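Q: Going down the list, the sequences are from chains C and D. Mind the numbering: the first sequence is residues 710 to 1017 in my numbering, read in order. Mind the numbering: the second sequence is residues 209 to 703 in my numbering, read in order.
Some clues are possibly wrong.
Claimed, not checked - Label-pair distances were calculated between CB atoms; the ranges are: (1) 920/C to 230/D: 51 to 61 Å; (2) 699/D to 738/C: 23 to 33 Å; (3) 471/D to 974/C: 42 to 52 Å; (4) 724/C to 551/D: 14 to 24 Å; (5) 728/C to 444/D: 53 to 63 Å; (6) 440/D to 725/C: 27 to 37 Å; (7) 301/D to 829/C: 28 to 38 Å.
Stated by the list, open to error - Reference excerpt, derived from the structure (chain C facing chain D, CB under 10 Å, subset only): (8) 762; (9) 810; (10) 917.
The hints are simulated quantities; they were obtained by calculation from the structure and are not laboratory data. As the structure is a prediction and not an experimental result, all values here were calculated from the model. Every residue gets a Cβ at the ideal spot worked out from N, C-alpha and C, and that includes glycine.
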Amino acid sequence: MSQPLLAIEHLRVDFPAVVAVNDLSLTMEPGDVCGLIGPNGAGKTTTMRAVSGLQEFTRGSVRVSGHELAHEPDEMKRRLGFMPDFCPTYDQLTAAEFLEHFARAFDVPERGRRIEECLELTWLTDKRDSLCEELSRGMKQRLVLAKTLLPDPQVLLLDEPASGLDPLGRIELRKILLQLRDAGKAVLISSHILTELSGFCNKAAIMERGKLVKSGTIADLGQQMNTRRMSVKWRGDAAKAREILQGANVKIIETAGIGATFDFAGDTDALDELLKSLVVQGVRISEWRGVGDDLEQIFLQSGAKELM
Amino acid sequence: MKLSENPIFITHKRLVHRGGVLAAVLIAGLIGFSLLLGLLNSLSEIKLSGQLHGWGFRSPAETGKNIYGWVIGVEILVLVMLGVNRVTRALQEDRKAGLWDSNRLTPLKPGQIITGYWFAPGLREGYMAAVLAGFGLLVVLFSQLPVTLWLGTQTLIWSTALFCGLLGILFGMAAQKSSGAVIFLAMLMFCPFSFIAPSRMLTNFLFPIYGIANLFQTGDGNRDWTRMPEIFGLPVPPILISLALQAILGLFVWRTLVRKTANPFQPLLLRWEAVALFSMLVGSQHALLWDAWHGKFTAPSEPWRGRELLPIVHGGTLIIGLILLVLASPQPEHVRVESMRLGFKNLGAVFSRSAVSLALSLAGVAGLALLAQFAWGLAASWQAYLVAVLNLAEFLLIFALLLEFCRLRHRRRALGFVALWLFVLCAVPLILAAVFSNEMIARVSLLAPGFMALTNGAESWPQLFLALLAHFCVVVILFFGWRRQWKKLLAHTAG
């Protein structure tokens, strides 16, 4: 069996008077994009710093492609890229010079070509000769992402990568992440904004007070959900529709003449059964959807309540 | 990796050049050129009238030395002061911006990162100093001074710049703000003490004041500055002492920098390094001092005014010990995490890692080094030796216990409380003694017994031993407080 790209086992980080990360285990395979979700102070950034080697940890192990951080830090550095939640740049260097600095440090072959590739990938080609101090925060963020991609790492740790980006930048970031996923990279990405992560994350890890509350593939976590919030709209007999809904494991949140929002306690199969019974009993369904995306629902049910 | 391929060096060189170097080099050139013109003018005046009008220099050599002194004065200011400040600031700014961490996450070796910061940020000042050194050579040649004066002074200036550059990186790594002004003031405070006996004080060699001044002196000059310093009575050229001291101390600093770059959570000094460094500094200081008494303290080997010399060295030893204890003592949190990792929960393991056991080792080393001044006359002066050593041990122990107690009890406010208690134990009795004009109160001060024993050989010993006993009681009380705090922390770890 092949080794996972990233394997974190029983990671523990102690700060004075607080356990910042407690017994965290997580594995990532090629092509995995894992959303690391949690409220402020949950330990997301500390986890990323510990995995990258910037933060000393008390116990546990971190391996990238089988290379352990504690024993082979240099191998790790070539295989793992960390992008912090702020933009460390040399303000008086141009974007190309900034990338050249790190290309030299990583001893990247065909330095010039690779720098142009990364600039292109992050839509900064026309800014290659601009000083870093002249770039907007979003551009700096993309430049730092380009720097992280320079040595072509197998595992990427992105801490709040979209925090300074405008809507267009976020869409472009999503495209880059999809490209990385398709290229077989493993990406661990933390964000406050769950809608940013949904759509391309195939895994999620939810943290609260240093502990991993839930983790797994989005599909598995969706299956495990106890309740989910649904929205339904119908045409015709509203009383009959409400009667059917109340008969199932449903708690109606809001109801109107043509539809309702409700919490359903049960698995996906039971939910399918409820829809079937509505249709069989003659209710004409015009809309049937979950409220919020999968990640939001998973997060809300994880017990970690304070997202912002 | 060659320096020219080092990315940190290349980037910082680029940043320096982007900020502009031509103006700085021209300023240095103008200063050098003005001084050279001044020399040529003086030389022509001496040639015409036999004496330089107004200045009183009678020979080209005397004029040349004076003007070369100005050249190297500016050179030291630019290279050592401004250059080192630039290194510290570059590192602090990179740390603040997160670039230090970004560089640490690259496959660059810690030594390569340090080398980049060592040489590049101060390049502008390096160019200026090189221009000034060039003009300095012309001054030496025109005034027919020996080229060895130029070679010797330039070697010492550049070696000091390299040594201070390493210290600058250390400050940049450890401090949030540039502490240059504080260090400069501290050095100024030391100057009066180190000039009492210039050839016998270590500080004059570490910062090669003696080596440079000695090169300017001729045989008939002030004997304080012309004599060859002696190591246990053996004359050694001052340049060699300075270069050796800077190289050894620089090696320790280099090791610290590499270790801290690889893992910032490591202590600044390992315990064995602290002991070795302390041994080297205190040992070489006593070696320089040895010819004053030849091992028979209180009986000077020559009619000599430096009776206060040993108390000054005692004070210096306390300060060095204090600094090393701060640098080498582990943070309680670090010990707690280590205890969790390694599974130890007993106080014995804590003691072996704490500053308290280190303080005992340092006191032992200091006691041995001090013995060099007493060994051949111990029968006559054993009380002075014993009081000085016990005082040293108590001072270092109290400081180590206080430091860890306050770190455990007061956390971020620890430094303030340590300063407060040291002030109470050391300074308050002296202030009260002055206010009430009562010398007896001064003897209670933690500093008093050692200084009194080494200053006044015929001191009333019972009173000093009584003061030592009182200080020992403070040690015992602090030890119990220290033990209680550690037990609490270890219990928290176990929980």
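Q: It remains to establish, for every hint, whether it holds in the given structure.
A: Hint-by-hint comparison with the structure:
1. Restraint check, residue 920/C to residue 230/D: a C-beta distance of roughly 59 Å satisfies the suggested window 51 to 61 Å.
2. As the Cβ distance of residue 699/D to residue 738/C is approximately 42 Å, the hint placing it in 23 to 33 Å is violated.
3. Distance hint check for residue 471/D and residue 974/C: the Cβ-Cβ separation is about 50 Å, which falls inside the suggested range of 42 to 52 Å.
4. Here the CB-CB span from residue 724/C to residue 551/D is close to 20 Å, well matched to the stated 14 to 24 Å.
5. Distance hint check for residue 728/C and residue 444/D: the Cβ-Cβ separation is about 56 Å, which falls inside the suggested range of 53 to 63 Å.
6. Evaluation of the 27 to 37 Å hint for residue 440/D and residue 725/C yields a failure: the beta carbon distance comes to about 48 Å.
7. Taking the beta carbon of each, residue 301/D and residue 829/C are about 30 Å apart, inside 28 to 38 Å as hinted.
8. With a least beta-carbon distance of about 7 Å to chain D, the hint placing residue 762/C at the interface is held under the 10 Å criterion.
9. Of the supplied interface hints, the one on residue 810/C holds, with its beta-carbon coming within about 5 Å of a beta-carbon of chain D, less than 10 Å.
10. Taking 10 Å as the C-beta cut-off, the interface hint given for residue 917/C is violated, the closest approach to chain D being about 21 Å.
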